[in-house]
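S.K.: Protein chains in written order, with the numbering used here: chain A, 162 to 350; chain B, 162 to 350.
Check before you lean on any hint, since a few could be wrong.
One copy or two, it doesn't matter: identical chains are merged, so the pair holds either way.
Under the rule of at most 25 Å between Cα atoms (straight-line distance), these lysine to aspartate or glutamate pairs were calculated in the DMTMM-like manner [to be verified]:
hint, residue 1, residue 2
1, 235, 309
2, 291, 309
3, 275, 228
4, 250, 342
5, 276, 227
6, 237, 319
7, 291, 172
8, 250, 299
9, 293, 335
10, 276, 309
11, 287, 172
12, 313, 227
13, 166, 319
14, 166, 321
15, 232, 333
16, 287, 335
17, 276, 321
18, 250, 172
19, 293, 172
Bear in mind the hints are in silico, worked out from the structure with no lab data behind them.
There are 2 protein chains.
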Amino acid sequence: MQRLKGMSINEMLNSIARIEERICLNLSDVQKILLTTDGSVTRTLEVLTGRPVIIITKVRTPINADEDLAKELKIKVGEKTNYRVVHLKNTDSDRVLIFARSWTPVMGLNGVIKKDLTSTDMPIGKILAKHKLETRREVTSIGLLEADDMLKEAFKIDSEPMLSRFYNIIYESEILIRINEVFPLSSFR
Amino acid sequence: MQRLKGMSINEMLNSIARIEERICLNLSDVQKILLTTDGSVTRTLEVLTGRPVIIITKVRTPINADEDLAKELKIKVGEKTNYRVVHLKNTDSDRVLIFARSWTPVMGLNGVIKKDLTSTDMPIGKILAKHKLETRREVTSIGLLEADDMLKEAFKIDSEPMLSRFYNIIYESEILIRINEVFPLSSFR
């Protein structure tokens, strides 16, 4: 499902069409934008909700890249990577807007950026803006997921199809961070 | 109205609130996203319409930056700039989705990028993706416009409030291109 190259617009449209076929339902415009954008998702959530969005870190742990992850991140097997699981939500609400997992290769990171990326609770879009980093985003896959226990707990749901995408934020020709964002089909309709 | 620094999320939300007050109407989620995104607008239009978006160049002319433009682009007065007016639309339709004006300082541009930016009909988001350019986008203003003759003709309307924003695409700490996008209040609702 995941690929090393960014998807073309046609590949993204095909992925959306396949999802719509499987669930016998059209995705909303906002859902389609959230699955395909190469802009800041935090910014989009703040504009949609009209107020600030923060992240709550649920898991933060260093891991050594196994073969699959090393391939995805274009790093060496065994290289240190920060793995993080976060909830994106408004400051004044318990409702989780988006569930996100991320993998950040530690080598090569500038010290200040590394600190913000791996030890603060600042959304990635705000870290990039703060440091005025010039980057690009490549979506690598868009699909459907079954909710596991972590997702059921996050979104307070029993069972529901989840929309998911993977993308890389690329800085100085290397993957700064790989992100998987997930939200329930019933959100953003 | 235009400023040299990118707007914060609060400033963008305030601009949207002021627009909504003036027109006594809430903007749609998609309109708000189009006015605030730091991602590719062409990509968003392709996802919303489900098919390719192209640009039709209506005006393309070199101009020498006057004092105001030089200040906006952070270049010297008199410096050569490419001014362009384009319509964004689907290949199979005459309907204009977005009307855009852009200003590209010519000095300092890499030859291949310059050629694509100033002489082809490729949308900017596709040029950036083609060359894998790492950039950032700063929205500098969001507001309402009265439709002038060019806008009335483009959108085949008589008189209607228009939503407008200015933003800069920044590459290697300089303004690669300054863009003004406009669409009627009745679009993307």
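S.K.: Could you run down the list of hints and mark each one as holding or not?
M.R.: Now for the hints, and whether the structure bears them out:
With identical chains, the CA atoms of residue 235 and residue 309 are never at most 25 Å apart, being 28 Å at best within one copy and 51 Å at best between copies. Taking the shortest alpha-carbon separations for residue 291 and residue 309, neither the intra-copy value of 34 Å nor the inter-copy value of 37 Å comes in at or below 25 Å. Taking CA atoms no more than 25 Å apart as the test, residue 275 paired with residue 228 passes inside one copy only; the shortest distance there is 23 Å, against 40 Å between copies. For the identical chains of this complex, residue 250 and residue 342 are intra-copy neighbours only, at 13 Å inside a copy versus 30 Å across copies, given an alpha-carbon limit of 25 Å.
Proximity of residue 276 and residue 227 under a CA criterion of 25 Å is satisfied intra-copy only: 24 Å inside one chain copy versus 43 Å between copies. Taking the shortest alpha-carbon separations for residue 237 and residue 319, neither the intra-copy value of 39 Å nor the inter-copy value of 61 Å comes in at or below 25 Å. Taking CA atoms no more than 25 Å apart as the test, residue 291 paired with residue 172 passes between copies only; the shortest distance there is 16 Å, against 32 Å inside one copy. With identical chains, the CA atoms of residue 250 and residue 299 are at most 25 Å apart both within one copy (24 Å) and between copies (24 Å).
Taking the shortest alpha-carbon separations for residue 293 and residue 335, both the intra-copy value of 17 Å and the inter-copy value of 12 Å come in at or below 25 Å. For a Cα distance limit of 25 Å, the shortest separation of residue 276 from residue 309 qualifies neither inside one copy, at 30 Å, nor across copies, at 50 Å. In this homomeric assembly, residue 287 and residue 172 come within 25 Å of each other (Cα to Cα) only across copies, at 15 Å, whereas the closest approach inside a single copy is 29 Å. Proximity of residue 313 to residue 227 under the C-alpha cut-off of 25 Å is found in neither arrangement, the shortest distances being 27 Å within a copy and 58 Å between copies.
Taking the closest pair of Cα atoms, residue 166 and residue 319 never come within 25 Å of each other, the shortest separation being 34 Å inside a single copy and 46 Å across copies. Proximity of residue 166 and residue 321 under a CA criterion of 25 Å is satisfied in neither setting, with 30 Å inside one chain copy and 43 Å between copies. Taking the closest pair of Cα atoms, residue 232 and residue 333 come within 25 Å of each other only inside a single copy of the chain (18 Å); across copies the shortest separation is 29 Å, beyond that limit. Proximity of residue 287 to residue 335 under the C-alpha cut-off of 25 Å is found in both arrangements, the shortest distances being 19 Å within a copy and 20 Å between copies.
In this homomeric assembly, residue 276 and residue 321 never come within 25 Å of each other (Cα to Cα): the closest approach is 36 Å inside a single copy and 49 Å across copies. For a Cα distance limit of 25 Å, the shortest separation of residue 250 from residue 172 across copies, 20 Å, qualifies, whereas the shortest one inside one copy, 30 Å, does not. When the C-alpha separation of residue 293 and residue 172 is checked against a cutoff of 25 Å, the pair qualifies only between copies, where the shortest distance is 18 Å, while the shortest distance within a copy is 30 Å.
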